[in-house]
Each structure stands twice: as structure tokens, then as C-alpha cells.
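Protein chains in written order, with our numbering: chain C, 1 to 295; chain W, 296 to 824; chain V, 825 to 1163.
Please keep in mind that the hints were generated in silico from the structure rather than gathered at the bench.
Because the structure is a prediction, the values reported are computed rather than measured.
Some clues are possibly wrong.
[What the hints assert, rightly or not] Taking beta-carbon pairs under 8 Å as the criterion, some of the chain V residues facing chain C (in silico):
| id | residue |
| --- | --- |
| 1 | Gln845 |
| 2 | Ile970 |
| 3 | Phe978 |
| 4 | Val1097 |
Glycine included, every Cβ here is placed at the ideal spot set by N, Cα and C.
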Amino acid sequence: MTTAAVQTPFQRIATDFARSRLAIVGLLMLALVIAIALFAPVLSPQNPYDLAQIDVMDSKLGPGEKSMAGKTYWLGTDDQGRDMLSGIFYGLRISLGVGVLSTLLALSLGIVFGLSAAWFGGKVDTLIMRVCDIQLSFPAILIALILLAVLGQGVDKIIIALVTVQWAYYARTVRGAALVERGKEYVEAARGLGLSSTRILFRHLLPNVLPPLIVVATVQVAHAIALEATLSFLGLGLPITEPSLGLLISNGFQYLMSGKYWISFYPGLALLLTIVAINLVADQLRDVLNPRLQK
Amino acid sequence: MIPRLIRRLAVLLLAPLAALATTGALAARDISIGLQAAITSMDPHYHNLSPNNSMMQHVFEGLIRRDENQKLVPGLAVSWRAVDDLTWEFKLRKNVRFHDGTPFTAEDVAFTLKRVPNVPNSPSSFATFTKPIVDVKIVDPHTIIFKTSTPHVLLPSDLASVMIVSRLHGEKAATEDYNSGKACIGTGPYKYVEFVPNQRVVLKANYGYWGGEEPWDKLTFKILTNAAARVAALLSGDVQMIENVPTSDIAKMEKDKNLSVVSKVSNRVIYVHLNQSTEKSPPFVFDKSGKPMEKNPFRDVRVRKALSMAVNRDAIVDRVMEKKAVSAAQLLPDIFYGTSKKLKPTKFDPEGAKKLLAEAGYPNGFAMTLHGPAGRYINDDKVIQALAQFYSRIGIDTKVETFPASVYFTRATNLEFGYMLLGWGTESGEQASAMRSLLATRDPAKGMGVNNRGRYTNPAFDKLLEQALVTMDDKKREGLIQQAAEMVMGEVGLIPLHYEVSTWAAAKGFKYTPRTDQYTLATSLKPSK
Amino acid sequence: MLCPDANIRNMTEYIIRRLMQSGLVLVAMSVLVFAGVYAIGNPVELLVNPMADEAERARVIASLGLDRPLWEQYLTFFKGALTGDLGKSFVFNVPAVGLILQKLPATIELAFCAMFIAILFGIPLGLWAGLRPDSIPGKAIMAGSILGFSLPTFWVGLLLIMFFSVQLGWLPSNGRGDTVNVFGFEVSFLTADGLSHLFMPALNLALFKLSLIIRLTRAGTREALLQDYVKFARAKGLKASRVVGVHVLKNIMIPIVTVIGLEFGSVIAFAIVTESIFAWPGTGKLLIDSITSLDRPVIVAYLMIIVTLFIVINLVVDILYSVLDPRVRLGQAQGQGGH
Chain C
1 MTTAAVQTPF QRIATDFARS RLAIVGLLML ALVIAIALFA PVLSPQNPYD
51 LAQIDVMDSK LGPGEKSMAG KTYWLGTDDQ GRDMLSGIFY GLRISLGVGV
101 LSTLLALSLG IVFGLSAAWF GGKVDTLIMR VCDIQLSFPA ILIALILLAV
151 LGQGVDKIII ALVTVQWAYY ARTVRGAALV ERGKEYVEAA RGLGLSSTRI
201 LFRHLLPNVL PPLIVVATVQ VAHAIALEAT LSFLGLGLPI TEPSLGLLIS
251 NGFQYLMSGK YWISFYPGLA LLLTIVAINL VADQLRDVLN PRLQK
Chain W
296 MIPRLIRRLA VLLLAPLAAL ATTGALAARD ISIGLQAAIT SMDPHYHNLS
346 PNNSMMQHVF EGLIRRDENQ KLVPGLAVSW RAVDDLTWEF KLRKNVRFHD
396 GTPFTAEDVA FTLKRVPNVP NSPSSFATFT KPIVDVKIVD PHTIIFKTST
446 PHVLLPSDLA SVMIVSRLHG EKAATEDYNS GKACIGTGPY KYVEFVPNQR
496 VVLKANYGYW GGEEPWDKLT FKILTNAAAR VAALLSGDVQ MIENVPTSDI
546 AKMEKDKNLS VVSKVSNRVI YVHLNQSTEK SPPFVFDKSG KPMEKNPFRD
596 VRVRKALSMA VNRDAIVDRV MEKKAVSAAQ LLPDIFYGTS KKLKPTKFDP
646 EGAKKLLAEA GYPNGFAMTL HGPAGRYIND DKVIQALAQF YSRIGIDTKV
696 ETFPASVYFT RATNLEFGYM LLGWGTESGE QASAMRSLLA TRDPAKGMGV
746 NNRGRYTNPA FDKLLEQALV TMDDKKREGL IQQAAEMVMG EVGLIPLHYE
796 VSTWAAAKGF KYTPRTDQYT LATSLKPSK
Chain V
825 MLCPDANIRN MTEYIIRRLM QSGLVLVAMS VLVFAGVYAI GNPVELLVNP
875 MADEAERARV IASLGLDRPL WEQYLTFFKG ALTGDLGKSF VFNVPAVGLI
925 LQKLPATIEL AFCAMFIAIL FGIPLGLWAG LRPDSIPGKA IMAGSILGFS
975 LPTFWVGLLL IMFFSVQLGW LPSNGRGDTV NVFGFEVSFL TADGLSHLFM
1025 PALNLALFKL SLIIRLTRAG TREALLQDYV KFARAKGLKA SRVVGVHVLK
1075 NIMIPIVTVI GLEFGSVIAF AIVTESIFAW PGTGKLLIDS ITSLDRPVIV
1125 AYLMIIVTLF IVINLVVDIL YSVLDPRVRL GQAQGQGGH
């Protein structure tokens, strides 16, 4: 066999990735989760965000019980009479969307600021890093509360809050990595060739900083989802009529002790599986993308 | 959830220990009580706040006391009467001593009235209650006379909110001295031991109490804000009683043989204010296409009626509140003074509501955002979602937005909302003061309509109410208040939803007598036989 | 190569510069928080009894100084802050700093215990997983660490209470228990009762850090094993324990110290959730309570104290970093830890 010799980098990554069965399971789970999130409106028996479709008289039904109208709720209903299965599908959509979007935005901001800090140094560097310090020393909850007060509730607001909380972290990481790269020969060579700063930054530095960053970002998506869940738990963030997984868990939290476990258990399970799947994939990606671990 | 075997093993291992702990606690007659809200001070005149007022009842006493139904009963005064429209005479109880042994006299009452309006930095003072009194005359050590400038029928009720402090210890004392215990010396059944802000209050029995000995030697009030933590504390035996049991847990706890759960309708009504302050659409109210309307729909009584008829109060009580609420027709349950037995909760009638909306010129409904606090009232965020469901069924496009109390009330006071879910607890226990604050035409200087966030206005109603407030005869006054209530509820000045029911849960062997004022008093907790 | 003298001079200069920058950070932050809390809402709405009339409201507003423009309120605060007075709590009428310092030992104790649990179990587990990545225990440890990462704190906290307090009845669900006074600080970990109260919240808070440390240690170990000097040491036939003890541990110390340092600050700041679930009477719970009641002096004072703590920890970490790894110059040391 000669495949090893003619593998493209992508193929190599794919083969390496497939070495771990756990990672494959993770990838499959993640694919399933993403598919559910994308096709939630088609898959769900009910639109849980349409108040006209839910009835408080059907509230707190157990898994498999029938509604007044004779519909079966396979995972039960919550305290508003919302079908848990539909709620979880839609909640997944929001949680995943919020997690991915906020991470992408925070990542972009972090890259811009981190690279600028590393490249220009001096006053720019100091300013950006001190702002990072402020940012990182603020409890996320306080930032969220202040933003909530000023902006109101909504998916867009929680994304703003999560970006605000996360960008500084990326900026620091990018700056650290970029500082190391800046000292390497290829950058000096590029400079010697008289290439513009922007070109060197984005065409040469960034691609080299990116791989570890992608791994970090993957983990951060999971973390953003968990953070959103925590904020929802504390009563900040999303509108209560459009619950994410975190909000569903938080709503069901108070029913745990009274035996109505399904209201928070199933969304908790969905959240758990999502985060675990992302982490499994990210873990293997980290090992695969780390050249030093290649045999 | 947990294998039964492990559980049994644990019980076997720990049973002797637990038994020891229980008998120890019972022998010492020490109990712990889990409270929901923090006590901000041990100065009885510093902060007019329900949790503080409740706590103060243990250490201090007023001239008049409120029983569990908020009826006025003798406290440090044995009797009182209005000599004329502007003069009140109070006879004080004899042989009452403060915790340090000094006797209680009229001097202490006069001093208290002087201190109340002059507590530095008080974030909410008790001066509202003492302000009507313009002159105090001590006749003898056990008789005192109060003069008011205008007839003030609520004087006894007001004075029930003012705790009497010792002149000897209070004269040079600041709030800090009460917090540290130095000046925290009253006549009540319990004495100060320790106060740790946001954490706990510890009291011990006052064995020389004039009203007889209490069954407990030592009380520890623990502040457990988180509802689940509070329930867990009771179930694990850390505390013997908790207040405000979350509605979701009540059903299960009522079945638990090791617990006794008691509840009682409270003086707090949950209601909706509809912003009528603007000519045109109020904030967050639009036509179906999202544009502001030329007319404010809430100024039309038919729309207000429709919004009340669309609400299925029984569903809220049954499903959202787990039966721990009572559908409301006015501002207080009809066991209270000044309430009308003629008023019944509006019937659920979505078809009728649709018809009324069409008559008012909104055959296709309109669009609005419902606003409410999250975590201020029992299940407030769930109630508002249920309301949204009801309105979406009569053709109104609804959205829901909730805020933490810190954000919500500022914005509601600034009238930044159109449809506002609110609550009101009437501490005086009579309906006139609630109507005066929530429904009278707003005139803050006169103390009218201070919390009228709907800006409802009706001169005929104002006149009736003002007349009631200066009528000294109790029967006649009650008639006027009832008449005013019937008038304003007929016009849907606000939409009453339900009265909260407060619930307490105690461990086996304890019996709590529930109260309408939502106070949690160790004096109402007795060992059950 | 710098001579030691120059190195020390360099370091002093660096520290002074950092401290000055940090001072600016503090001022900027206090302005932001001041304005932020102002934007949230009006504390008078929550403080004053709803039955109060307009005159009473006006009196309260004036007595709290809220009738003056915001910049004037800030100036008053700033002047006070220079003399160490961060204002009096609106709600409790006691100095805000006193209120926080009263609660701080509880939070620090909780944070210390959480970090202690995380390190005590994290490093050995991480080493194991790194040395034997393909063994079943190695894989189990990693799978477990993913769980620790993934489970939201509040969810775990509730499950702990359900299991240990409600079902088994072994541990108290909330509060701090009996405390002992050590050097003027109240601590719980010296009494059996205190320890039983401390266990669950500390474990709850530790889980995330524990997973973080396991992963960092594992990654560091794996990298170290591939380094030439470790390969060489192994080839020379050095005992495995010595290889691990000296070479591997040294290699993984740097990222771990950074993370421990950075995370300690964040553990203190982020203990909010754990503290509110277990009703642990620390600063995190105080902060949430103060936010709920818009007690601005306490919120601002809390943040000033926590940020100062954070700045100091960061500085110490950076200095430690340069001591542990001479290749890193001060000013370039950057934490890799995160949240």
C-alpha cells in the first residue's frame, strides 16, 4: 500500500482522527445533535415557542402521558404545558446557535486584538492587555446583568454578553502564540521581502496561530453553552418563552425534589451529550493537530 | 435513584447518631428556622421591610398587635379610643419590663415617636406611620394622648407597625448599637444574642415575659434565599421550619408523614396595571403590523374588561400555583376589612372577550409585550407566560419579557411598559389603603395614587375614597370603602389575578399557626402534642 | 545574558510599571461599575417601602446622596476610596469593606479547599493518564475529566444535595457549620461539623478545576515524554519514578502554576453559583444579594477588592513564571489557562 505517501493533509487528519473509537462516537453524536438543531422545526411535534400551541392545562404531564386533546407527550411536558421533546429540539438549536455564534464572534475579535497587540507591541499592546485584564477580572454574571439591564433580554443580547465575556481570553491566547511565531525565521523572511504588515499578519502569522486556536475554540463552544445555561439558571439572559436547554433545566430545577424529574432531567441529558460530544471531538482534534505528538 | 440497600445501610449506621441529635435538640428546646429574605438591621426603626418587621416582633412589641388575621389586638396598650376626631387616648399595660429589667412607661412611647422620623440613613423609614401625630401628651405613666391635625382613622393600624424601644437605651443609640445588640432591648418574648447580616439572627428566651413563657429557649433564624436549599435544609433536619415552601414541592411534602405543611391566604394580591398614561399607544403596545396606534386601547373600559375575561384564573391557580392561590376579585381576600362580598372573580370567557375587543374596534386584536418581574412574587414568571397563552387565544399577539426585580421596578415606575404584572401586600389589612395607593388619581403630594402605575383615574372614585378616609365611624367607613371598591373593580381599574397563599413547612412535632401577613414568627410555632 | 543585578533592576522596574497600570485598571473599572450599576436600576425602588409617600422617597434619595449627579457621586466615592473608605452599604448602613471582609474568609476557605481537592487529585490522575494514555484507567480518567468539564456547576450542586443530603442524609445541605477562630479568621475545616458543611460546596467548586488540571498534567506529561531529554533519561535506564518525579513534573509545572494562579482568582470570583446553591455565607453570595438589592457601594467595593486580588495574583504568577522558566522574559509571560 502506498496511500500513506500520497495522503493529503486532510486525509491524514481524518485517518488519525478515526484511530480513536471514542472520538468517532463523539463525532456521530455531534452530527446527530447538529442535525436535530438544524431540522428542529421539521422534527418537533409542536412549536414550543408559539404560545397559542401550548396549554397550561397540559402542564407537568409525565413522559408518555396524553394531553387533553389526546396527543401523546413522549418526554412529558413542562410547567407551561410545553412538549419536552419539542422544547429540547428547539432548545438545542438555541443553545448550539448561541454557543457557536458567540464563540466565532469572540474568536474573531480576539484574533484582531491579539494579533494587533503582538504585532504592534508598545502602547497598543499595553492598552489591549490591560483591557483584557479588566475583562478577565469581572465576574461574567455581573457583566451579563449590566448588559441585560441596558439592552433587555434576547438571544442577541446573550450573545453580546458571551462575546464580551470571552473575547479577552482569545486575545490573550492569540497574542501569546503570535509572539512566539513572530520570532521565527519565516516571519523575518517575509519582512525582509518587504511584505505589508496586514499581509504578514493574516496570510502568514494567522494560519500558524490558528490550529491550536481552533481546538481551544471547540472547547469554548461547549463552555459557552454551559455558561449560557448557568446564566439562565441565575435568571439572566434569554426570554422565558423561548427557552434554551439551560433555561429548560433551570425551570425544571425546582421540580426535581418533587419527583417531576423529566422537566430538567431530559434537557440536562441533552446538554450533557452535546457538551461531551463536542469535547470528545475537540480532544481528538487536539491530539491530531499537535505535530509534536505525531509519531 | 439510590439503591435501597445503601440507603438502608446508611440509616442503620446513622440512626443512633440521629436519634441522639434529635433528643438533644428537643431537650434543649433550641430550634432553627429557615427564612427566605435577609434581615437588614436589628434597629426596629431603620428599614420598613417585611422580613425586618417580622423579625422585630420577637424582640420588640407595638402598642397594638396584629393577630394571625391582621385584626388589631392589645399589645403594650390594653385599650385605646378616639376621644374626638383629632384626639386618641391609649391606656398602657402595667408591670411590663424591658429585657434589662427597667419598667415600660409612657416615656418610652413618647421617645419612640420622637426617634422614628430621625433615624439617620434609614433607607425606608417608619415616619409614614407617625407623621399624622402632631402632639403627644403623657397623662400618667400608663396613659398617653395623641393629637392629629386632621381626622386620621388609621392611627391604631399605623401604630401597630411601630415597635416601642426603651428610652434609657435608645436615647444615645444609633442603628449600629441595635445591630450589635447594645441597644437592642425590647419588651418582647425573645432577647438579642447575635445578628450576622445576610446569614443568621440568634435570639434567646426572655423568661420574665409578661405574656407568659415561650416554649423555646433559643431561636436561630437562618437566611436561606435559595428555595431548594431551604427545602433541603428542612428535609435534612438542619432547620425545624421553613417559610415560603416552593409550590412545586408542596404536594409531595404534604404527603410526607414527617412534616406538617400549613398554608393560609395572604394579604398579597397579584394584579396587572395597564398603562393608561398616554393618549396614543403606550410602550410595547402596537397594532398587528407593529406600528403604534393612534388611541391607547387601555383607556377603553371594554378592552380592560376583555383582558380580564380572557384570563383563566382557575387554570393559573390549579396548574401554575399548584392550588396555593385564590382567584382574586379585588385587592384583598374578602375576610378583610373594607372588602365587598359582592365582587366575584371575573369569569373566564374568551368568546366574550373577543366580542368586546371587536366592539372596541379591535376585531383582529392588537400586539403587546407583557412585562413582569422574575422571582419577586411566587411563580411570577410562570404566571406571566400563562397570561400570554390566554391572550394569544383571543387574537392578541403577545410577547413576554421578565426582569430581575432590581431592573423591573425602576422601569415600571418610569412607565416604560404597557402591560405590567405586579403585586401588593396590604400590611394594614384594610382595603382603603391599597386602593389609595394603586388606584386613586395620582397626586404624590397628598399621598394618593403613589403606586398607580396604570395611571387609572376616576374622580367619582377618588371622592368616595377621600370621604371614607376621614369617616370615623367604622361601619359607615366600611360601607364607603366597599362602594368605592365595587365602582373601581367594575371599571377594571386594574386586573386582579389571585391572592398568594403563604405556606410554611415544619418538622414532625411542631405546629405552626399560619398568618395572613406572611410573617414567620417563632411565637406562632408550638410543639404539637 | 543579563547579569543578576540587571535582572533584579529589570524586575523592579517591571513590577512598578505593572502596578501603575493596575492602578489605572482599578480606576477605569470603578467608573464602569459605577455607571453600570446606575444603569441597572434605582435602588430607592427596592429600598423604600411601597407605602411610603413622596416626601419619604425624597428623604431617602437625599440621605443616600442619590439626588446629586452621577459624576458628583463618583467624585465623593473616589475621594473616599483614596482614604480607604469605599462607602456604606445602602441596605445595611455599615461600611461596605467591613461587610465584605467579614465574608471573605468563608470564600477564601472554600476556594482554597476547592483548589486543594483539584490539585491533590488532579496531578496524580493526570500523570497516570499521561503516562499510560492507552490503558483503561487512563481512558477512564480522561472520560471523567470531560464530564467534569461538561456538567454545569449548578446541576452538579443540586445532584450532590439530592444525593448526600436528601437521599442519604449524610451531609448538611447548606451553611457553614461550626467555626474555629484562627488568627482572627473564622475557619470551618478544623471542626467535624464545619468539615461536613465544607465538603460538598468545595467538591462542587473543585470539579471544573480538577478536570482542567488533569488535562493539563496529562498533556504536559505526554509532551514531556516525547522530549529528547526525557527519552534520553529513559534510554539511560533511569528509574521511571525518577524520570517522572524530576523531568516530567518539572516540565508540567509551568502551565500548572499559571493555571492555579489564574484559576484561584476566578474560583473566588466565580464561587457565586456554588455559594448560592449551598447558601455558603461568602462574598459571592453577598455579591448576588447586593446586585439583587442594587446595593451599589457593596458591588463596587467587592469588585475593587476582587480585582485587586486578581491583579496581585497575576503579577505573582508572571514572576513565578519567569523564575520557573528562564527562557520567558518578564512582560511576555502569558497565562495559557482559561475558563
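Quick one, is the Phe978 (chain V) hint okay against chain C at 8 Å, beta carbons?
-> Holds, because the Cβ-Cβ distance from Phe978 (chain V) to chain C comes to roughly 5 Å (cut-off 8 Å).
Holds or violated: is there a CB of chain C closer than 8 Å to the CB of Val1097 (chain V)?
-> 6 Å, holds
Go through the hint on Ile970 (chain V) and say holds or violated, using the shortest Cβ distance to chain C against 8 Å.
-> With Cβ-Cβ at 5 Å, under 8 Å, it holds.
Grab the minimum C-beta distance from Gln845 (chain V) to chain C and call the hint holds if it beats 8 Å, violated otherwise.
-> 5 Å, holds
This entry satisfies every hint, going by the numbered hints stated previously.
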